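*Asks:* Could you put the whole structure together from the sequences, leaning on the hints where they help?
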Amino acid sequence: MKFALRHLAWTLPALALLAGCNGGENAKPEPHAIATYASATWQDLPSVSDTDLVAGFHAWRNGCEKLKRDAVWATTCEAAASVPDDARQIRAFLQQNLQVYGLRSAENNANGLITGYYEPVYPGSLKPTETNHVAVYGVPDDMIVVDLASVYPELKGKRLRGRLDGRVLKPYDTAEVINREGVKAPVLAWLTDPMDLQFLQIQGSGRVQLEDGRQLRLGYADQNGHPYRPIGRWLVEQGQLKKEDVSMGSIHAWAQANPQRVPELLASNPSYVFFSTRPDSNEGPRGSLNVPLTAGYSVAIDRKVIPLGSLLWLSTTRPDGTPVVRPVGAQDTGGAIAGEVRADLFWGTGPEAGELAGNMKQQGQIWMLWPKGKPLPEVPKVP
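Residues -27 to -1, 1 to 356 (mature numbering (1 follows the signal peptide of the UniProt record, and there is no 0)) make up the sequence shown, in order.
Hints should not be assumed to be uniformly reliable.
List of simulated lysine to aspartate or glutamate pairs, EDC-like, C-alpha gap at most 20 Å [said to hold, decoys possible]:
| # | residue 1 | residue 2 |
| --- | --- | --- |
| 1 | 100 | 51 |
| 2 | 277 | 127 |
| 3 | 143 | 114 |
| 4 | 143 | 169 |
| 5 | 354 | 127 |
| 6 | 131 | 195 |
| 7 | 334 | 210 |
| 8 | 157 | 115 |
| 9 | 143 | 154 |
| 10 | 100 | 43 |
| 11 | 345 | 51 |
| 12 | 277 | 80 |
| 13 | 216 | 237 |
| 14 | 39 | 51 |
| 15 | 100 | 154 |
| 16 | 131 | 351 |
| 17 | 157 | 195 |
| 18 | 41 | 51 |
| 19 | 347 | 51 |
| 20 | 100 | 184 |
| 21 | 143 | 195 |
| 22 | 129 | 351 |
| 23 | 143 | 120 |
| 24 | 345 | 43 |
| 25 | 129 | 43 |
| 26 | 131 | 120 |
| 27 | 334 | 218 |
| 28 | 215 | 195 |
Label-pair ranges, simulated between beta-carbon atoms [unchecked claim]:
| # | residue 1 | residue 2 | range |
| --- | --- | --- | --- |
| 29 | 84 | 127 | 26 to 36 Å |
| 30 | 47 | 229 | 48 to 58 Å |
| 31 | 43 | 294 | 30 to 40 Å |
| 32 | 80 | 291 | 32 to 42 Å |
| 33 | 292 | 229 | 15 to 25 Å |
| 34 | 47 | 234 | 50 to 60 Å |
The hints are simulated quantities; they were obtained by calculation from the structure and are not laboratory data.
Computed from a predicted model, the values in this text were never measured in an experiment.
C-beta: ideal position from N, C-alpha, C; glycine also.
*Replies:* Put into structure tokens, the structure is as follows:
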């Protein structure tokens, strides 16, 4: 879950024109939406195989259990429950009940960035050992979370995290401080490598392979309130990697070759994720919608642009160029999945899924399949 929101770039001629009309330095750019929805038809969608259609529809429908009272999706989800796993009948249902909208950037660009994520499995233990010495923390006992929407409704979904210092609420510790000094929180497991912990935090869930053969499943519980900054970006800024070469594999290789600089690398990302234990099962990890993710058919999105639970039509490629065209469910979110035409495709559990996810930095397009007659989401505006 990488990369931050890009803002609209104003051209020099536009600035000159605005200055001439409004008095030079006092002129301000007009606010604009971070993304737009372009009306489209079913014929505009790239073709999809019957297998992918059925699998994608089934994955999306799994999320309907959390949308029973949703003002937009409740009726459609109720009707979807009786649709058999048959491609012809699924197509008929979708076309009868949903309208197609192409997702566009603020610059009206249909192309965007599609990345991947997965559920890693790392060696570790329930107690510290000489080998396993990197703590995986649960939610800190002294961290206070304030829901800002309770005071400012326009800040729905925004939370402030901090610690009380007397009667003053101060920002919670950065990742650099936590890595150096620890934190007042339960330790759920111990890993062997600080980079394993960093990648576990980036993915948002994972498993710890214990020595007795069991696996401990961990999921995102909370975060320290600081912004996520990609460690790959820091390596590029330091001249250690080229932008086009950044991947999970190249970052890990750099860390192994430069162990003395790993603390510096980790300190470049102030965000820190805390975990909770989850029941073991053969299902995928639960995303932000609190339903199990389906490998290849669940995506993490920016909920400011795409409402959680939405049905999307994705067209992109694997790292080897093989097409990936299918419906997917918007069932997860991530701090690095922000703005415009953007999605993070969940690939599953383990090394093979990690290889796919770590190398995905593909161009792609997204269409939103939206219930007919329902108002489109209100996308935030930025300067």
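*Asks:* With the threshold set at 20 Å, check whether the alpha-carbon distance from residue 143 to residue 195 stays at or below it.
*Replies:* 17 Å, holds
*Asks:* Please check whether residue 47 and residue 229 have a Cβ separation lying inside 48 to 58 Å.
*Replies:* Given about 50 Å between the Cβ atoms, the range holds.
*Asks:* Given the hinted pair residue 129 and residue 43, is their alpha-carbon gap at most 20 Å?
*Replies:* 16 Å, holds
*Asks:* That 26 to 36 Å hint for residue 84 and residue 127 (C-beta), does it hold up?
*Replies:* 31 Å, holds
*Asks:* Given the proposed pairing of residue 334 with residue 218, does the C-alpha separation stay at or below 20 Å?
*Replies:* 10 Å, holds
*Asks:* Looking only at beta-carbon atoms, does the pair residue 80, residue 291 fall within the given range of 32 to 42 Å?
*Replies:* 27 Å, violated
*Asks:* Holds or violated: are the alpha carbons of residue 131 and residue 120 at most 20 Å from each other?
*Replies:* Holds, because 6 Å separates the two Cα atoms, which is no more than 20 Å.
*Asks:* Is the Cα-Cα distance between residue 100 and residue 43 20 Å or less?
*Replies:* Violated, because 43 Å separates the two Cα atoms, which is more than 20 Å.
*Asks:* Taken at face value, is the distance from the CA of residue 127 to the CA of residue 354 at most 20 Å?
*Replies:* Roughly 12 Å separates the two Cα atoms, so the pair holds.
*Asks:* Between the alpha carbons of residue 345 and residue 51, is the straight-line distance 20 Å or under?
*Replies:* 15 Å, holds
*Asks:* Check the hint pairing residue 143 with residue 169 against an upper bound of 20 Å on the C-alpha distance.
*Replies:* Measuring from Cα to Cα gives roughly 29 Å; hence the hint is violated.
*Asks:* Holds or violated: residue 39 with residue 51, Cα cutoff 20 Å?
*Replies:* 11 Å, holds
Comparing the model with each earlier hint shows violations of hints 1, 4, 10, 28 and 32; every other hint is respected.
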